[in-house]
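2 protein chains.
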Amino acid sequence: MTDLKQMGERAVAAKYVLGALSTDKKNRALLTAADALKMRSREILAANEKDLEEGRAAGMHPGLLDRLALDEGRIKAMVEGLRQIAALPDPVGEVLETFTRPNGLVISKRRVPMGVIGIIYESRPNVTADAFGLCFKTGNAVILKGGRDALSSNAAIEAVLRDALEDCGITPDAIQLIKDTDRAVTTAFMRLNGYVDVLIPRGGAGLIRAVVENSTVPVIETGTGNCHIFVDEDADLTMAVNVIMNAKTQRIGVCNACESLVIHDKVREKLLPMLAAALREKNVEIRADERVREVIDGCVPATTKDYGTEYLDYILSVKTVDSVDEAIAHINRYNTGHSDAIITNSAEHAEQFLNGVDAACVYVNASTRFTDGFEFGFGAEIGISTQKLHARGPMGLKELTTYKYTVCGTGQVRS
Amino acid sequence: MTDLKQMGERAVAAKYVLGALSTDKKNRALLTAADALKMRSREILAANEKDLEEGRAAGMHPGLLDRLALDEGRIKAMVEGLRQIAALPDPVGEVLETFTRPNGLVISKRRVPMGVIGIIYESRPNVTADAFGLCFKTGNAVILKGGRDALSSNAAIEAVLRDALEDCGITPDAIQLIKDTDRAVTTAFMRLNGYVDVLIPRGGAGLIRAVVENSTVPVIETGTGNCHIFVDEDADLTMAVNVIMNAKTQRIGVCNACESLVIHDKVREKLLPMLAAALREKNVEIRADERVREVIDGCVPATTKDYGTEYLDYILSVKTVDSVDEAIAHINRYNTGHSDAIITNSAEHAEQFLNGVDAACVYVNASTRFTDGFEFGFGAEIGISTQKLHARGPMGLKELTTYKYTVCGTGQVRS
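Residue numbers (this note's numbering), protein chains in the order written: chain P, 1 to 415; chain F, 1 to 415.
Looking at chain P on its own, in the form it has when it is part of the complex (with noise of 0.2 angstroms):
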């Protein structure tokens, strides 16, 4: 069995050194790393085939197939994912504030690496090369436990990384990769107090909470989304389809997608017709409330757990409501705190909205998609915080640091 203390330990003494490196030299690391991964990708596609080969032995859906299947193209991806993190500022330094107080101590807020970052994900391997870069560029040290069915892809890439910060002179420990399939494993690694600062699981629901659950490191939880668009009694119905066309169907698999809709009883005989048109044209089932199935036919009656799922399907829940506070109030009994929208071209109901829904994201006319670190400008991403302590909503290289207090004096004592 894996020596986990042993990984830690390795992860804390690099963390101290990875927390002083200059940007210039992290930067220099980064692009020695992508131009790693761009040359021996071949190595890389030869580990990917063995997990593939595997995985259609073992009957693995081609979803999952494809999840895991790494090709040049998605090599240049992770190569161009790490020469943009390279370009991007360092947060590390950064004196987010300074006060004197009044017995001349002079209190600064430095931003600091947190110093080792677990992350837990599943079959994709393109997350070991991402996180690595967005982790090693906040001057953190990563361990990295990666799905079983990944094993020999991320295995291969984690060696072409450490091989890279070798050559730059940096402790390749900057990342390390659990390779032990025991599930266990996995456990005592959600309880490596101590060693590990934060957790940050990232994959499917069902990952989510046994992180949450069996977690004693503290975690950020992340990535499950059941998105709301509430369409109010004054709202601009033609945006209000294409607004909901573009949060429901641009992509079905994602965090960030639509998955239930509020409307206002008012707009109902007008707005639903057209948008039944446009989602059947989409093959989107329509599951909703009575009032909604009076107007339109072909839905297939909502029921509470429905109001309550993410589909991440071609399936949409729809509630009527009568006015912004009963939609604010069935949106909050609901979601899952990541990102809301209100249709509206009232700019009272917009506030009491954005006022009112809790979630990460609040949206006035807007699609929930743009709830992304790229598209936030952020320049990265680590995943999208659904909780509220530390970070809420697209986490970039920031929210992956902390900060101390560094307090000089000229000999003060306290009476």
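Keep in mind the hints are simulated off the structure, nothing from the lab. Worth double-checking, as some hints may not be accurate.
Simulated pairs of lysine-lysine, PhoX-like, Cα-Cα distance not exceeding 25 angstroms [to be verified]: (1) P/K305 to P/K109; (2) F/K38 to F/K179; (3) F/K179 to F/K50; (4) P/K109 to F/K109; (5) F/K25 to F/K398; (6) P/K398 to F/K38; (7) P/K282 to P/K270; (8) P/K305 to P/K25; (9) P/K305 to F/K25; (10) F/K109 to F/K305; (11) P/K76 to P/K282; (12) P/K25 to P/K5; (13) F/K25 to F/K5; (14) F/K305 to P/K109; (15) F/K305 to P/K5; (16) P/K398 to F/K398; (17) F/K5 to F/K179; (18) P/K5 to P/K282.
So, partial list: chain P residues that the calculated Cβ filter (under 7 angstroms) puts toward chain F [unchecked claim]: (19) R101; (20) G104; (21) C168; (22) I208; (23) V212; (24) V243; (25) N246; (26) A278; (27) V362; (28) R369; (29) L389; (30) R392; (31) R414.
Being a predicted model, the structure only gives us computed values, none of them experimental. Just so you know, even glycine gets a beta-carbon here, dropped at the ideal spot from N, CA and C.
Since the structure of chain P is provided, determine the placement of chain F on it from the hints.
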């Protein structure tokens, strides 16, 4: 058994109301609550007397009885605490950032309440009023679980605060006290995900550990402090003695007291005799390595365990090192991420120490006793975080808030 889900639902209903209250209304309620505590002090003291009687009958340690005891002075301090919180600026609603994306989306980061805060604490009943005040000012609902020894006192304070809220036309569910003393209820409270947004334990190391190990709700770890002072080769030794004596003996039972001393070999012969004399006067036991014991008499040999112990007592461990780097490595190995200080006249060594030590607060030429929300000028304190997620060091009002992104568009969709 207490129906925690029902309490959770009441807290969630309350959080939406509290998050929308004006600063003025919150302040008036805090002042009303302060007046009510003063007016009904006899009732609170009677309840406290009941707790004290039971404590005495059960042979409770005098130190614990003292923590539990209320008198007119301590009630006055609670009253003043609430008034001070009313006078502090309200952080809720502050716009932290606004930016416009190339597609015209206007994104703002707004400071909002956490929602529902859970607090688990030990025998001091004043925490009931203090924690309510801080959570209420920041628009949060709070669920409290105090020590069983203080149940009558806490219940009396809760009743007064709830009545005061009702008098102001505000939901009394802004504060709810769990009155069940069954351990299973406390454990269930730590797993009230979906209702409680963050759990803050306030108490000794045992309580903190139990919460970290059992909670599935996000936790902010607080308050264990194995704080170090390092006396560099280039230090003002009079200042060093002064700061060490303050940090070690001004108040021994607090988390920001100094527990361990690290000295550069070069100051050993000059520093130790004067320091030992001062410590002896205060009856501080010295547990030291061999090089220290060569210079001064009457020391107990230090073990590895000593270096990792938060004594909260008249005991100080002492370790000799040969460089700043060795001091930093020793401190990072044994500290609890709370507060560590260097005494030095070298700007270079000071900067090396500030960068290298991994702690919430790192000091140059000042006592670690300043790690405190009031001393930092925050005007209040809910605790001192020793974790890296969300908040580090003294936590005031701002640290009881999170943010949400508001995104305003004109029909933008993602392509």
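How the hints compare with the structure:
no., hint, verdict
1, P/K305 to P/K109, "46 angstroms, violated"
2, F/K38 to F/K179, "23 angstroms, holds"
3, F/K179 to F/K50, "15 angstroms, holds"
4, P/K109 to F/K109, "20 angstroms, holds"
5, F/K25 to F/K398, "19 angstroms, holds"
6, P/K398 to F/K38, "46 angstroms, violated"
7, P/K282 to P/K270, "20 angstroms, holds"
8, P/K305 to P/K25, "52 angstroms, violated"
9, P/K305 to F/K25, "38 angstroms, violated"
10, F/K109 to F/K305, "46 angstroms, violated"
11, P/K76 to P/K282, "32 angstroms, violated"
12, P/K25 to P/K5, "28 angstroms, violated"
13, F/K25 to F/K5, "28 angstroms, violated"
14, F/K305 to P/K109, "32 angstroms, violated"
15, F/K305 to P/K5, "19 angstroms, holds"
16, P/K398 to F/K398, "18 angstroms, holds"
17, F/K5 to F/K179, "14 angstroms, holds"
18, P/K5 to P/K282, "51 angstroms, violated"
19, R101, "6 angstroms, holds"
20, G104, "9 angstroms, violated"
21, C168, "21 angstroms, violated"
22, I208, "11 angstroms, violated"
23, V212, "6 angstroms, holds"
24, V243, "6 angstroms, holds"
25, N246, "4 angstroms, holds"
26, A278, "13 angstroms, violated"
27, V362, "5 angstroms, holds"
28, R369, "4 angstroms, holds"
29, L389, "4 angstroms, holds"
30, R392, "6 angstroms, holds"
31, R414, "4 angstroms, holds"
When each numbered hint is compared with the structure, violations occur for hints 1, 6, 8, 9, 10, 11, 12, 13, 14, 18, 20, 21, 22, 26.
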